[in-house]
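Take 207 as the starting number for the sequence shown in our numbering and just add one per residue.
One should not assume that every hint holds.
[What the hints assert, rightly or not] If you anchor each label on the Cβ, the simulated ranges turn out as follows:
(1) Glu497 / Arg573: 44 to 50 Å
(2) Thr315 / Ala553: 54 to 60 Å
(3) Met526 / Leu358: 38 to 44 Å
(4) Glu561 / Asn528: 34 to 40 Å
(5) Arg506 / Tyr533: 28 to 34 Å
[As the list claims (entries may be wrong)] Derived lysine-lysine pairs resembling BS3-like cross-links, with alpha carbons at most 27 Å apart:
(6) Lys581 / Lys596
(7) Lys589 / Lys567
(8) Lys592 / Lys306
(9) Lys456 / Lys589
(10) Lys306 / Lys456
(11) Lys592 / Lys567
(12) Lys630 / Lys487
(13) Lys567 / Lys630
(14) Lys592 / Lys581
(15) Lys487 / Lys456
(16) Lys389 / Lys351
(17) Lys456 / Lys370
(18) Lys370 / Lys389
(19) Lys567 / Lys581
(20) Lys487 / Lys306
(21) Lys567 / Lys596
(22) Lys624 / Lys592
(23) Lys306 / Lys351
(24) Lys594 / Lys624
(25) Lys630 / Lys594
(26) Lys351 / Lys370
(27) Lys594 / Lys581
(28) Lys487 / Lys589
(29) Lys624 / Lys581
(30) Lys581 / Lys630
(31) Lys596 / Lys624
(32) Lys389 / Lys485
(33) Lys567 / Lys594
Note that these hints are calculated values from the structure, not bench results.
Being a predicted model, the structure only gives us computed values, none of them experimental.
Just so you know, even glycine gets a beta-carbon here, dropped at the ideal spot from N, CA and C.
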Amino acid sequence: MDFTQTPHHDGSFPAAMESTAQTLLQHGAESATAQTLLHGASSATAQTILQHGAESATAQTVFEHGASSATALDSAVWSILQLVMLATWKCLSDTPYYSKNTLFARYLTSLEVMTEIALDSSIDFAPGLFDVLQSTTAPSIQFFKGLPAPRLHQWGVYAVVLEKLGFRPKLYVGSGTSHGGVKTRLGQYHYENQSMVPVGVRDALTDGYSITHQGLFCWVPMPTPTSIPLTRLLFIALEATFAYLFWAMKPHREDYGMVHICPWDRLEYDGICSHCSLKEKVVSEFNLTPEELEAHAAEREERRRELHRLGNSNWHYQQMMNNYDEYITNSSERVARSRANNPGRDAAHQARRIEEALRDKTYHCERCNISFGTKQRLANHEKTPKHKRKLRQANNPFVCGPCDLGFANQSNLTRHNKTERHRKAVAAARL
């Protein structure tokens, strides 16, 4: 076989399918399903399971273990989830122990466990993915260019399409499971400093290729701290699965031992993944309790915010010192655009902040017993003659308690006690 261009199959039924069928039988699938896989299945994507759909015994048996939300999913979602989980389990099972992180064997112990993690994470898949994996025709580069773009607060397995006029397209498959999510990860591909860009992508860019699309095969909402370790482990396994299914692997003399996972003989693009993600270190705290995971996440988030505030402050003062005119102009334009696009927003925010400050007495003058809505209003008050007089009166020896006034001598206090103001204050104090 020639693995320098695209994966090939010799026309015989792949041995991998026998193992897949055995897996189905072990999980209680109808024997007819497995027998069909063993006799004449033309695709390594478990075509027969797709033909049976979500109503087959396989689907119901595989997902009855802990999948209490099964009825909430439609049959199409069940079918694509079923297919991808089977392919992922196949990848894990066929990868030698010395070629993958030991965490996979420790935590992704069965097809049911993986499926339950996927269901708990609310996994979703790209439109059209199910049909492509069923097809006997290899996907064109247009399929990858049609994958949905990432959104904020998502983890996902992504494809990066690179093109150069007159040359075959290139495909890279990766995953984004950091704090910033997959959108932040894909944004790093466009940084001037390309230290975070995979070597295959970096080499292609150096060779004149351009990134023409970045899209997701599958995604989940950002997981909770207690779900992060297992969800991250699953997505690294999914990254390897999609890289093998669509053969995004860089040509080597060998086939990584996983060529049977790809259903097609010829592809119109070249893969540039330099290695399988199953080998990579998985950064997660598997040895912590849920309570410890929550506490560590809170500490990291507070630290992240503090560093973010410090970075913003340093940047602000640096620009004020070295780039004042341009910085102020750009800032003013940015604020003006924001206010124009969101009329009334700033006024509403300011009104809410003032209300909260008055309620909590955030900006309070203890001497005058008056609260203000903003720090600036308190500062303005402290400059007034009335406030300054109050400060002076605080040191006077003759004090009127009801009016909270001080006098320099007894005569002034006596005259004050005869005033209408004093009588009202005394009456109010008796209520």
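Requested in this report: Identify every previously stated hint that the structure contradicts and give their numbers, smallest first.
Outcome: Going through the list in order, the structure violates hints 3, 8, 9, 12, 23, 28, 29, 30 and respects the others.
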